[in-house]
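In case you want the letters, here they are:
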Amino acid sequence: MNCEETGRYLYRFLDRELSDAELAEVAGHLERCPQCHRYFQFHGELRLLVRRTAATERAPAHLRQSLLRLRENP
Amino acid sequence: MTVPHAEEGLSIGRAGPPEREGRRGRLEEQALGHMDALYRAALRMTKDQQDAEDLVQDTYLRVFRFLDRFQEGTNLRAWLFKILTNTYINTYRKKVKEPRWVEIDRMEEDDVHLFSRLQEYERQHHLPSAEEEFFRRIVDEDVRRALEGLPGSFRLPVLLADIEEFSYKEIAEILGIPMGTVMSRLYRGRRLLEKALWDYAQKGGFGAPA
Numbered sequence: 078m079n080c081e082e083t084g085r086y087l088y089r090f091l092d093r094e095l096s097d098a099e100l101a102e103v104a105g106h107l108e109r110c111p112q113c114h115r116y117f118q119f120h121g122e123l124r125l126l127v128r129r130t131a132a133t134e135r136a137p138a139h140l141r142q143s144l145l146r147l148r149e150n151p
Numbered sequence: 003m004t005v006p007h008a009e010e011g012l013s014i015g016r017a018g019p020p021e022r023e024g025r026r027g028r029l030e031e032q033a034l035g036h037m038d039a040l041y042r043a044a045l046r047m048t049k050d051q052q053d054a055e056d057l058v059q060d061t062y063l064r065v066f067r068f069l070d071r072f073q074e075g076t077n078l079r080a081w082l083f084k085i086l087t088n089t090y091i092n093t094y095r096k097k098v099k100e101p102r103w104v105e106i107d108r109m110e111e112d113d114v115h116l117f118s119r120l121q122e123y124e125r126q127h128h129l130p131s132a133e134e135e136f137f138r139r140i141v142d143e144d145v146r147r148a149l150e151g152l153p154g155s156f157r158l159p160v161l162l163a164d165i166e167e168f169s170y171k172e173i174a175e176i177l178g179i180p181m182g183t184v185m186s187r188l189y190r191g192r193r194l195l196e197k198a199l200w201d202y203a204q205k206g207g208f209g210a211p212a
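Quick note, the sequences are listed as chains F and S, same order.
To convert, take the position in the first sequence, counting from 1, and add 77; that gives the working numbering.
To convert, take the position in the second sequence, counting from 1, and add 2; that gives the working numbering.
Any given hint could be a false lead.
Said to hold, decoys possible - In silico EDC-like cross-links for lysine to aspartate or glutamate, where the CA-CA straight-line distance does not exceed 16 Å:
1. S:171 with F:134
2. S:171 with S:74
3. S:49 with S:167
4. S:205 with S:167
5. S:49 with F:82
6. S:84 with S:172
7. S:49 with F:134
8. S:84 with S:167
Just so you know, the hints here were simulated from the structure itself, not pulled from any lab data.
Make the full structure from the sequences, and use the hints.
Listed below in C-alpha cells is the structure:
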C-alpha cells in the first residue's frame with residue numbers, strides 16, 4: 078500500500094470502520110512512513126478536539142426538570 | 003387465569019402489572035439518561051438554545067409515547083437519536099435557510115486539504131510544527147461555530163459520527179439514507195469543517211509574525 082492509497086483510508090480508519098485486513102495494511106504503512114503517520118496523527122488529534130469541545134454541554138437544569146415532569150404527566 | 007398483559011404490550015397506564023411497570027420505569031430511566039447527548043445534538047442542529055430545548059422536549063414527548071414499541075436489548079441510543087432527527091427534520095428544519103446546492107458545489111472548488119496547507123506553511127516559514135501552531139490558534143467556540151456553519155445534510159452525519167460516535171450503519175438507520183450516502187456526506191462535511199477551522203485559525207493569528 079502506498080501513501081496515496083493509505084491516505085484514502087483516513088476517515089474510515091478514524092471511524093473504526095476498517096476490516097481487520099485493511100487495518101493491518103494501513104497500520105503497516107503507517108509504521109514505515111513517518112509522513113503518513115504524521116498525517117493520521119494530526120487528524121486523530123483534530124477529531125479528539127472536535128469531540129471534546131462539542132461533547133461538554135449539559136442539558137440546563139430547568140430542561141431536566143420539565144423532562145422529569147413530562148414523564149409523570151405524559 | 004391471568005391474561006399476560008406484559009407480553010401483549012397493552013397500554014393500561016399506571017395501573018399496569020408490577021413487572022411491566024418496572025420494565026417501563028427502567029426504560030424511561032435509560033431514555034432520560036441520554037438527555038445531555040440529545041440536547042448537545044439539538045443545539046448543533048437548531049443553533050439556538052430555546053429551539054434546542056423545545057426540540058428535546060418534543061423528542062421526549064414522542065419517546066414516552068412510543069416507548070412501548072421499543073424492543074429492550076436493541077440499540078436505545080440509536081432509537082432516541084432517530085426520533086430526535088426525525089422531529090428536527092419535520093419540525094425545525096423548514097425554518098432554516100440552507101445554502102442552495104449551487105453554492106455547495108462552488109464550495110468544492112475551495113476544497114481545503116488542511117494538512118497539505120499546514121505542511122506548505124511549515125516549509126515556507128521553517129517552522130518545526132505547523133500542527134501545534136494550528137491547534138494553538140483555534141478555540142472551542144470556533145469548533146462549535148464551524149460545526150454549526152455546515153449545511154444541515156452534512157452537519158447531521160458529522161455530528162452523529164464525530165461527536166456521538168455512531169457507526170456508518172447506525173447513522174444510515176438514524177437518517178434513513180444508504181450507507182454510501184453517509185460516507186460521502188461525511189467526507190464532504192469533514193472537508194468543509196476543516197476549511198472552516200483553517201479560516202478560524204487564520205483569524206486567530208495563525209501565520210502572523212511572532
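Q | List of violated hint numbers, smallest to largest | A | 1, 2, 3, 4, 5
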